[in-house]
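Student: Residue-level listing of the chains:
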Amino acid sequence: MATTSKQYKAIGEDLWKSRTDKINSELFALTYGALVVQLIQDYEDYAEVNKQLEKMGYNIGTRLIEDFLARSSLGRCSDFREVGEVVAKVGFKSFLNITPTVAHSGPPPPSRPTSTAQQSGVPGSSFILTLDENPLAEFVELPDEALEGGLWFSNVLCGVLRGALEMVQMQVQVEFLSDVLRGDESTEIRVTLLKYLEEEVPVGDD
Amino acid sequence: MSHHLFLLSPSDTPIYSLTHYSTKLPQTTSSSLSSNLPTWSTSAFAGTLTALSGASSATQSHHVQGGGSVRMGGGQDRHVIQMIANASLDVIEDIMRKESAMYLKSVDKFNEWTVSAFITPGNMKFILLHETKNDDGIRSFFHDVWELYLKTMLNPFHTAHSPIRSIVFDTRVRASAKKYL
Chain A
553 MATTSKQYKA
563 IGEDLWKSRT
573 DKINSELFAL
583 TYGALVVQLI
593 QDYEDYAEVN
603 KQLEKMGYNI
613 GTRLIEDFLA
623 RSSLGRCSDF
633 REVGEVVAKV
643 GFKSFLNITP
653 TVAHSGPPPP
663 SRPTSTAQQS
673 GVPGSSFILT
683 LDENPLAEFV
693 ELPDEALEGG
703 LWFSNVLCGV
713 LRGALEMVQM
723 QVQVEFLSDV
733 LRGDESTEIR
743 VTLLKYLEEE
753 VPVGDD
Chain B
16 MSHHLFLLSP
26 SDTPIYSLTH
36 YSTKLPQTTS
46 SSLSSNLPTW
56 STSAFAGTLT
66 ALSGASSATQ
76 SHHVQGGGSV
86 RMGGGQDRHV
96 IQMIANASLD
106 VIEDIMRKES
116 AMYLKSVDKF
126 NEWTVSAFIT
136 PGNMKFILLH
146 ETKNDDGIRS
156 FFHDVWELYL
166 KTMLNPFHTA
176 HSPIRSIVFD
186 TRVRASAKKY
196 L
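Chains as they are written, first to last, in the working numbering: chain A, 553 to 758; chain B, 16 to 196.
Just so you know, not all the hints are guaranteed correct.
Partial pick of chain A residues on the chain B-facing surface, computed with a CB cut under 10 Å [to be verified]:
#, residue
1, 575
2, 581
3, 582
4, 586
5, 592
6, 596
7, 598
8, 675
9, 687
10, 691
11, 692
12, 694
13, 698
14, 718
15, 719
The following residues of chain B were derived to be distant from chain A, with all beta-carbon distances above 12 Å [what the hints assert, rightly or not]:
#, residue
16, 105
17, 122
18, 126
19, 139
It is worth saying that the hints were derived from the structure and are not from the lab.
The C-beta atom is built at its ideal place from N, Cα and C for all residues, glycine as well.
Based on the provided sequences and hints, a complete structural model is requested.
Tutor: Quick look at the structure:
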């Protein structure tokens, strides 16, 4: 049964409303802001801070996906396009209460992977999420050094997406394209599918 | 007619200052000195300057063009203004202890300058030097500045009680000043 975009929206709404505990968004934004500022003070190199934020996000994402799938009881996505829809309408909605718009692009995604069809071309399809509001960056103004140093303030989101999708057998590359904190028009994240991952045999089992 | 705003931390370090030249009411020229000085530079100051005779002669040499919102007035004038602001701090602290309201109307008067103060719950002092009476406008202006200040404090990159250098804050305070003063 193909789940339409509207149905995903409804699922996301329902998850947010009924099955999510809420905290004060100011506390959340302040905590994240303090975290980023502390990282900047510790590493003093904005590229390194970006990397660390992404790593932290990766650790969050690998755990988050279980919680997400359990609560939403969604099945496997049939193609990468659907992945984008689910991430935007159900994922972001149930965790951050925002619904970014999705723009799909790239070579046509492969059909549902079977265990042997792995080798047939690494898909390069991607989707771009455009966030119209960012709860992490409430009240934030980047100082000049951060602007010049190339800091992506919300880079943890990239890590979360990468970690979560890796746990469902997709290796993706996630990066920020633009950020309103930097003075750009909108905040955009691009998720590119690198390849589908084989089920791996745990080490020491053979 | 100008207004001078100072934001001071609880330990009296200056956080922010602004000079706003209002175009709302016509300038009242009351002293002969004013004819020699460019119009922005105060007939307002004239009264104060004649009182501080030592300082007055130096100001004639400052000829800043234009009457828009110039951030720094001439050097001597600036010292006078700051002196007035500092002098009012004692009065403000006295009142602070007794009164719990945030907006303390006019706490001090110095020649033609009135000092109004606003104390935030975090003991930040907002001091406004002005010549005309404008209680409601000033109260609204203080509330506006307070909200803008709160938003700046919530920026994680801002360290508490350090000078505010954000351009956004500056622009918004100026816009608010234009609206209310």
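Student: If a hint holds in the structure, say so; if it doesn't, say that too.
Tutor: Hint check results:
1. 575: 16 Å, violated
2. 581: 8 Å, holds
3. 582: Check passed: Cβ of residue 582 of chain A comes within 7 Å of chain B, closer than 10 Å.
4. 586: Result: holds, 6 Å to nearest chain B Cβ.
5. 592: Cβ of residue 592 of chain A sits 9 Å from chain B, so the hint holds.
6. 596: Not OK, violated: residue 596 of chain A not within 10 Å of chain B, min 14 Å.
7. 598: 13 Å, violated
8. 675: 38 Å, violated
9. 687: 13 Å, violated
10. 691: 4 Å, holds
11. 692: 6 Å, holds
12. 694: 7 Å, holds
13. 698: 7 Å, holds
14. 718: 29 Å, violated
15. 719: 30 Å, violated
16. 105: The claim stands: residue 105 of chain B keeps its Cβ more than 12 Å from every Cβ of chain A (closest is about 34 Å).
17. 122: 31 Å, holds
18. 126: 39 Å, holds
19. 139: 17 Å, holds
Hints 1, 6, 7, 8, 9, 14 and 15 from the earlier list are contradicted by this structure; the remaining hints agree with it.
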